[in-house]
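Peer 1: Place chain B on chain A using the hints.
Single-letter residue listing:
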Amino acid sequence: DQQVKQNSPSLSVQEGRISILNCDYTNSMFDYFLWYKKYPAEGPTFLISISSIKDKNEDGRFTVFLNKSAKHLSLHIVPSQPGDSAVYFCAASATDSWGKLQFGAGTQVVVTP
Amino acid sequence: EAGVTQFPSHSVIEKGQTVTLRCDPISGHDNLYWYRRVMGKEIKFLLHFVKESKQDESGMPNNRFLAERTGGTYSTLKVQPAELEDSGVYFCASRATGGETQYFGPGTRLLVL
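Protein chains in written order, with our numbering: chain A, 453 to 565; chain B, 69 to 181.
With the rest of the complex left out, here is chain A (with noise of 0.2 angstroms):
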């Protein structure tokens, strides 16, 4: 039973537009969620965090937008640049698991000049 979920398998920006990543939850417990990056060959590497408390979190080119209504997030990141090509996965947790992240299957992001 997969608890969250990136519909979008793969990506494709051109260098200095907007990518926007889209992440989807079904446990209301979630109360924290994370974007992370993930090179090939490499493990992923954290990139951005939102508590639920929250519905807003800015970092640099990256925003995250929480809406709990809806069980989804975004991530925005702005502008695209060919560096940003990776794979993004979404991952969530609840604050009696200790931490235990859920992750979503990933959305592969192609950043084109």
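No incorrect hints appear here.
The calculated lysine to aspartate or glutamate pairs, modelled on EDC-like cross-linking and capped at a C-alpha distance of 16 angstroms, are:
no. : chain 1 : residue 1 : chain 2 : residue 2
1   : A       : 457       : A       : 476
2   : B       : 109       : A       : 453
3   : B       : 112       : A       : 453
4   : B       : 119       : B       : 92
Simulated DEER-style distance windows between Cβ atoms:
no. : chain 1 : residue 1 : chain 2 : residue 2 : range
5   : B       : 141       : A       : 479       : 31 to 41 angstroms
6   : B       : 70        : A       : 483       : 28 to 38 angstroms
7   : B       : 153       : A       : 491       : 18 to 28 angstroms
8   : B       : 109       : A       : 522       : 22 to 32 angstroms
9   : B       : 106       : A       : 506       : 26 to 36 angstroms
10  : B       : 85        : A       : 550       : 30 to 40 angstroms
11  : A       : 511       : B       : 86        : 35 to 45 angstroms
12  : A       : 481       : B       : 119       : 23 to 33 angstroms
13  : A       : 528       : B       : 153       : 32 to 42 angstroms
Calculated from the structure, these hints are not laboratory results. Think of the CB as a built atom: it goes at the ideal place given N, C-alpha and C, for glycine as much as any other residue.
Peer 2: For chain B alone, kept in the frame of chain A given last:
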């Protein structure tokens, strides 16, 4: 500060053999997690240590998998005997007590033939 390290980076074994994976967390991180990614799918939780104690092993597939963290420092994950479906990338992550972010190692790519 050194990140999470994993050894070996790759392992190719035959069905029925035994393999032991090692993870060295970030120094001082009491929380250590094992995850697995199979066939490009989502990253799935296997288990969680707090120091040397298993806090949650609900994701362990079966009793062919044995994880240990003697002394609360590095951890090992043994698969015995290995089956074809055990192939995948095994990630280790660590988190500081009170912190919310898990930091991942580069993974061990296991191929069972």
